[in-house]
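Colleague: Sequence:
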Amino acid sequence: MIEQILYPALAVGAIGLFLGGLLAVASIVFRVETDERVEQIAEILPGANCGGCGYAGCSAFAKAIVEDGAPINRCNLMTAETAEKIAGIMGVEAGVITKKVARVACRGTAECAGDQYVSYGLNDCVAAAALGGGPKACAYGCMGLGSCVSVCQFGAISVVDGVAAVDEDACTGCGACASVCPKNVIAMVDADSRVFVGCSSRDKGAVVKTYCEVGCIGCKICEKKCEFGAISVVDNVAVIDPEKCTNCGVCASACLKKIIVTDVCPVEGESA
Numbered sequence: 001m002i003e004q005i006l007y008p009a010l011a012v013g014a015i016g017l018f019l020g021g022l023l024a025v026a027s028i029v030f031r032v033e034t035d036e037r038v039e040q041i042a043e044i045l046p047g048a049n050c051g052g053c054g055y056a057g058c059s060a061f062a063k064a065i066v067e068d069g070a071p072i073n074r075c076n077l078m079t080a081e082t083a084e085k086i087a088g089i090m091g092v093e094a095g096v097i098t099k100k101v102a103r104v105a106c107r108g109t110a111e112c113a114g115d116q117y118v119s120y121g122l123n124d125c126v127a128a129a130a131l132g133g134g135p136k137a138c139a140y141g142c143m144g145l146g147s148c149v150s151v152c153q154f155g156a157i158s159v160v161d162g163v164a165a166v167d168e169d170a171c172t173g174c175g176a177c178a179s180v181c182p183k184n185v186i187a188m189v190d191a192d193s194r195v196f197v198g199c200s201s202r203d204k205g206a207v208v209k210t211y212c213e214v215g216c217i218g219c220k221i222c223e224k225k226c227e228f229g230a231i232s233v234v235d236n237v238a239v240i241d242p243e244k245c246t247n248c249g250v251c252a253s254a255c256l257k258k259i260i261v262t263d264v265c266p267v268e269g270e271s272a
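Residue numbers are given in this note's numbering: position 151 of the sequence shown equals residue 151, and the series is strictly consecutive.
Simulated from the structure, these hints should not be mistaken for laboratory data.
Check before you lean on any hint, since a few could be wrong.
[To be verified] Below, computed lysine-lysine pairings styled on DSBU-like, alpha-carbon distance capped at 35 Å:
#: 1; residue 1: Lys63; residue 2: Lys183
#: 2; residue 1: Lys204; residue 2: Lys100
#: 3; residue 1: Lys209; residue 2: Lys258
#: 4; residue 1: Lys85; residue 2: Lys99
#: 5; residue 1: Lys99; residue 2: Lys244
#: 6; residue 1: Lys85; residue 2: Lys100
#: 7; residue 1: Lys225; residue 2: Lys244
#: 8; residue 1: Lys100; residue 2: Lys244
Please take these sequences and the hints and turn them into a complete structure.
Modeller: Here it is in structure tokens:
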């Protein structure tokens, strides 16, 4: 009776020891050498895993810095102090850390922009975009269904009057909202760039007027007024060159539709 219990138990134990030994040998033979700097950098990074750097998460970004020489300043959540620590580990220059924020290139609220159909039950921009481009008559405008809100980990974006609005004080510049927007109306820009075009429509002005009261009509007045050549009309919509823009606000003052916005030079009579 004892033998019937003992022998199988010993056999199972022996098999377990054998397999354990194989696993131990395999762990040595097939071990992948990991640069200890990857772990050090991953611990320094913010840990948000937001993907704003273009990598799957902070660990992937840390690996890219060590193995591929990825620029340290690609992380939008990184502070100058953090960058210096990582630069010290890598023995390189940290580079310029520029804070990015999200801005919504659409001012077509429910009162200003028309719809092509009434949607019921849709609460996702990605799904709505698959249905005839979404309920909004403007093919380029914010649908205001909140896909960007759902992916923001920091509560920095909300839908106000049918259009996404960003709280720049809360925005970390991770880019998650811009990545999920099917209309590409959310842009990541330098936080210190204060002049922004609040429209994405590439339709001609006469067409824009049929569905939106505040859309860019491509009149080029802003282009003519700018002394620095910092703004021009491309594909029927005004585009700002941040390298040339001085934040003077002249283009905003000249804009007939008041869709060029600035907090440096407030526009008289501008509506929110």
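Colleague: Look at each hint and say if it fits the structure.
Modeller: Hints, verified against the model:
A distance of roughly 32 Å separates the Cα atoms of Lys63 and Lys183; the hinted pair therefore holds under the 35 Å criterion. Under the criterion of a C-alpha separation no larger than 35 Å, the hint pairing Lys204 with Lys100 is consistent with the structure, at around 31 Å. Among the hinted pairs, Lys209 with Lys258 is consistent with the structure: their alpha-carbon atoms are about 14 Å apart, no more than 35 Å. Under the criterion of a C-alpha separation no larger than 35 Å, the hint pairing Lys85 with Lys99 is consistent with the structure, at around 18 Å.
A hinted pair counts as satisfied when its Cα atoms are at most 35 Å apart, and Lys99 with Lys244 qualifies at roughly 18 Å. For the hint linking Lys85 to Lys100, the alpha-carbon distance of about 21 Å falls within 35 Å, and the restraint holds. Among the hinted pairs, Lys225 with Lys244 is consistent with the structure: their alpha-carbon atoms are about 14 Å apart, no more than 35 Å. Note on Lys100 and Lys244: the hinted pairing holds, with a Cα-Cα distance of about 18 Å set against a maximum of 35 Å.
Checked against the numbered hints given earlier, the structure satisfies every one of them.
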